[in-house]
Amino acid sequence: MKAWLGALVALVFGAGVIGASPLAARDLTIVAGGGALQDHMRRTLFGTFGAPVVDTAYDYNVGPIRAMVQARNITWDVVMVEAPDLIRGCEDGVFERIDWSVVNRAKFSAGGTNECGAGAIGWGVSVFWDRNRHPAGPANFQEFWDVQRFPGRRTLRRGARMTLEIALMGDGVPAAEVYRLLATPAGQARAFAALDRLRPNLHFWTGGQQPIELVNNGEVAFAVGFVGRTANAIRGGAAYELRWPTLLYAFDYWAVVRGSPNAAAGMRLIEHITNPAPLLELTKVWPVNPVTEAVANDSDVRARNPLMMTNHQAGGLQIDTEFWLEHGPALEQRFAAWLNR
Amino acid sequence: MPRGLAAALLAPLLLLLGLGFLAPLLALLATAVRDPELAATLPGTRAELVAWDGQGLPGEGAFAALARESTAALADRRLGPLTARLNFSEPGLRAALLRVARAGGRLSAPFADSVPALDQRWADPATWQALAAARGPLTSLYLLRALDLTPGAAGIEAVPADLALFRELFARTLWVSLLVTLACILLAYPLAALIAGLRPPWSGIVTAMVLVPFWSSVLVRSTAWFALLAREGPVNEALLAAGLIAEPLQMLGTRAAVLVATIHVLLPVAVLPLLAVMLRLDPRLPRAAASLGAGPWLRFWRIWLPLTLPGVAAGGALVFLLAIGFYITPALLGGERDQLIAWFIAQFLNRDVNWGMAAALSVWLLALAGAVLALAGLLAGDAWRARR
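Protein chains in written order, with my numbering: chain A, 1 to 341; chain B, 1001 to 1388.
Pairwise CB distance ranges (calculated):
1. B:W1301 to A:G218: 45 to 55 Å
2. A:G172 to B:A1246: 34 to 44 Å
3. B:R1099 to A:G172: 24 to 34 Å
Since the hints were derived computationally from the structure, they do not count as laboratory data. Even glycine gets a Cβ: it sits at the ideal position worked out from N, Cα and C.
From just these sequences and the hints, can you work out the full model?
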């Protein structure tokens, strides 16, 4: 009886080990940032592809993607990545080189393509506040720093990227000089000194929805948050005042994970979702800033979407990816140390 | 039970422990000390640097190898890990290396002139020393940097003050974890004693009241506290309505919020082992003590407490180990000065993709937890022996 029991246990265990082999073909999987935007993308972009596409969301942390590539067990095919992650990932062989014979490179705006990435959307951050709680607010970053004229708590993103540029502009540095100055020790000291001055009134956010929540429940008076979410809230009826002159923007790219079994289908998917027709459908429901030239410069689209970032990009500051690849680790550590003092 | 069968039944457990616990732990320790990037990406340059004496600049061979190998690595898309590794120890090296790699075959001999002409940093001995420091195969860089130290030219030096971060973080993590452990034990002890003294069905009902929150996720409970403690949340509204305060209190983003929520989340973990020990306590022992004339305090101090000490130790150890790795609750409810070390481990792992630093921080965290538990075990053991 006991020997029989032992044999049964061994048999079950063995069967379990054999049965757990990796599965065969899976559907083409695309990954983006989630939220309402992805719901709209599912309908207008992925759903119109023709072949079945599974979409899922992630938090823009590329650690899992690298782990996937190293383990050679790819479960994601196409991913929307931020510019620094794209460039670093391309150099490290985490992403495939885009097949430009499948994806038409000419349709993208200037700076909208990369060896491993095809422009997906532009995004940005800017100052906003609730007009009902505060009729007047800062028009630029210097006024954002002026707590006498505009009293109340402020919120900035918890991280060196974007926050240090904002600190320098709050100290009076013109946008064109920001990155040159921030590369020098004197400039960095100036940025941290400016943050020190604002610190008693400063709260930091980590999640994209937090600026909206903080402004809504009165925790902060003036916030710097993602323009897409702010614009969407405004369209939904919120009484926010969005200050376009304070825009900092960058592009996100579609990339294909290296070693994916669906790489070829992934390239065709990228070609489809960056075409004018599906993107025009998307712009009808979300003030996204597409990187496809035809859609970004379409006069109808720009007129219909006054809150579309392309209408205001000229006055904004484009976030310098190479700068952050170079100085990122040191500045992020310095920021974290500053934050903890 | 025949020994063969016993071994067969144990085998899956040992396999699970080995594969799921020991192997990852060893891999973690290995990741914290390995330095493979230079050897893997620029082997010829590394060989030249090993032969170099570290004074002045290396010879033409090193420059030539650098130009040749970095170009090849960039074309093969293998250069990334090395640029990240060098930029971590010496900010600015990434651009210097990329410039040489992108120059391609356009550089010509003598490389000792053409490479520095491309980027001045290659004429600086410090750059080459930083490169030589990465020759591996093992390095102390990550373990030292995780303690705000750096392997400088004159031995181990402290990192500049405006970059020093981790020692304070470890201290803070230890302090918060100990506070939470103490508070959980103090709160859980009477609660477990109460439940142990109840008769069914009340014992079951109260136990369920303790367990049901335990079955919801940590994130859900932390978010609930976020909603409770918000400026316009129920707690502030109740205090305002009762006239106890004039202005809403700023409770979110404070250490107190983190402590309260963490204690609330970990309390069931402390209650259950205490309850298990107290239920097994022979009720005749306190009664015997009473019959011999012991008052309530003496019964508690000499009978109850020593007998339930194993439960206290188990519950306390569990709570401490969980608290030391907490990062959801401090991230949601704490201010900038309330972040614990686990948040930074997650940052290095996911966002910065610096697995060496994540592993090094984890190693020190493991050592810290082990040291505290060993110390507690020693003290408890001494106290136990003294009592007998």
